[in-house]
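For the record, the sequence lines run as chains L and Y.
Each position in the first sequence, counted from 1, maps to that position plus 4 in the working numbering.
Each position in the second sequence, counted from 1, maps to that position plus 591 in the working numbering.
If you're looking for bench data, these hints aren't it; they were derived computationally from the structure.
Note that the structure is a prediction, hence the values are computed from the model and not measured.
It is possible that some hints are incorrect.
[Claimed, not checked] Listed below are the simulated DSS-like cross-link pairs for lysine-lysine, each with C-alpha atoms no more than 27 Å apart in a straight line: (1) L:125 to L:146; (2) Y:629 to L:219; (3) L:26 to L:219; (4) Y:637 to L:59; (5) L:237 to L:247; (6) L:70 to L:111; (7) L:26 to L:111; (8) L:15 to L:69; (9) Y:631 to L:59.
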Amino acid sequence: MEDVLQLAGTKYRSRLIVGTGKYKDFEETRRAIEVSGAEIVTVAVRRVNITDPNKENLLDYLDPKKYTILPNTAGCYTAEDAVRTCRLAREAGVGKLVKLEVIGDDKTLFPDIPATLEAAKILVNEGFVVLPYINDDPITAKKLENIGCAAVMPLAAPIGSGLGIRNPYNIRIILEHATVPVIVDAGVGTASDAAIAMEMGCHGVLMNTAIASAKDPILMAEAMRLGVEAGRKAYLAGRIPKKLYATASSPLDGILN
Amino acid sequence: MRVKAPIQPSGRGANLKPYSLATFGWSLWIRFFLVTVKIKINGEEKEFAAGLSVDGLLGHLQIRPGRVVVELNREIVSRDAFGGTMLAEGDTLEIVHFVGGG
Chain L
5 MEDVLQLAGT KYRSRLIVGT GKYKDFEETR RAIEVSGAEI VTVAVRRVNI TDPNKENLLD
65 YLDPKKYTIL PNTAGCYTAE DAVRTCRLAR EAGVGKLVKL EVIGDDKTLF PDIPATLEAA
125 KILVNEGFVV LPYINDDPIT AKKLENIGCA AVMPLAAPIG SGLGIRNPYN IRIILEHATV
185 PVIVDAGVGT ASDAAIAMEM GCHGVLMNTA IASAKDPILM AEAMRLGVEA GRKAYLAGRI
245 PKKLYATASS PLDGILN
Chain Y
592 MRVKAPIQPS GRGANLKPYS LATFGWSLWI RFFLVTVKIK INGEEKEFAA GLSVDGLLGH
652 LQIRPGRVVV ELNREIVSRD AFGGTMLAEG DTLEIVHFVG GG
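All chains should be built: construct the whole structure from the sequences, respecting the hints.
Right under this line is the structure:
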């Protein structure tokens with residue numbers, strides 16, 4: 005049976021989406037992403053340093069033919085800025101996929117939902133494939149799905165916090181009602197957090213800091229790949245119900261007396 | 592002072608129309624009086640010799656055109672139009688690219 009993540013008609017074998025920020029250098033970025041098995045990688049749009057234009061570019065290390073480049077709107081605090089950033093990203097010629105995030109506050113980095121909805125409407129109308137970063141709020145998820153977003157991406161916990169899924173019940177409600185993929189975005193700390201998201205039935209997990217800021221990012225990238233795969237398989241396999249009391253694993257017949 | 596050149600994909604200088612008196616006068620002005628223009632690039636004000644195209648500017652700054660996106664006065668300039676888009680006094684330019692991000 006083929007088990008793939010489908011986003012706007014494209015099939016992905018890997019359900020792990022990784023960021024490219026905070027690595028020591030481009031070489032470490034490249035290696036970590038390769039080991040993670042991710043097929044979709046996020047990038048940010050920033051000004052070129054014109055006084056010292058670095059000859060090397062991130063895309064020299066990440067072949068857009070091999071990876072789906074997912075530009076984000078990180079650092080945007082208004083719908084207008086987010087839309088502008090997406091238009092610039094599209095001009096770079098890496099496709100129509102965008103990770104929409106309109107930040108509401110720089111301490112929590114929680115999203116500004118009214119602005120996210122406003123930007124999503126414009127971007128969907130302009131033909132973008134919009135993947136919005138949102139709170140773990142089922143109502144917002146539904147609204148964005150109705151606007152035409154290709155997935156919804158509720159946070160597990162604040163960006164970069166590593167706290168893991170703080171409100172699994174809300175994620176469950178989002179999952180129950182969503183007809184587009186649900187990708188947990190932000191807040192994952194370690195492999196078990198990713199596995200839990202996948203065991204719950206999430207369609208994918210997006211992370212950056214958990215890998216890039218680990219002591220050994222390459223090893224953590226592998227752990228995350230395995231965590232996502234393990235969680236997905238456990239979800240498909242169907243876990244046993246939780247019970248308060250023991251059930252013997254060995255037969256009760258034929259016991260010596 | 593503003594000369595808005597037509598956007599043509601055919602490279603630098605392609606916008607000069609030798610039969611137009613106005614353009615001819617302008618090119619003479621550049622050649623003989625070495626006019627400079629102030630342009631704001633990525634938030635910094637810079638001064639360049641007049642008659643510079645986006646392509647020429649990127650070359651001057653040693654930026655590979657294939658890896659950047661350019662916005663001139665809030666409007667995106669497509670890569671095909673880099674050569675035919677001339678910069679003028681007071682222009683605001685944003686040159687962006689992809690960097691690591693989550």
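Hint check: residue 70 of chain L vs residue 111 of chain L, CA-CA at most 27 Å. Holds or violated? 35 Å, violated
Given the hinted pair residue 637 of chain Y and residue 59 of chain L, is their alpha-carbon gap at most 27 Å? Roughly 21 Å separates the two Cα atoms, so the pair holds.
Taking only the CA atoms, is the gap from residue 15 of chain L to residue 69 of chain L under or equal to 27 Å? 15 Å, holds
Compare the distance between the alpha carbons of residue 26 of chain L and residue 111 of chain L with 27 Å, and conclude whether the hinted pair is satisfied. 18 Å, holds
Pairwise hint evaluation, residue 219 of chain L against residue 629 of chain Y, where the allowed Cα distance is 27 Å at most: 47 Å, violated
Are the Cα positions of residue 125 of chain L and residue 146 of chain L separated by 27 Å at most? 13 Å, holds
For the pair supplied as a hint, residue 26 of chain L and residue 219 of chain L, is the alpha-carbon distance within the 27 Å limit? 12 Å, holds
Please verify whether residue 237 of chain L and residue 247 of chain L have alpha carbons no more than 27 Å apart. 22 Å, holds
Given pair status - residue 59 of chain L, residue 631 of chain Y, alpha carbons within 27 Å: Holds: residue 631 of chain Y and residue 59 of chain L sit about 22 Å apart, inside 27 Å.
Comparing the model with each numbered hint stated earlier shows that hints 2 and 6 do not hold.
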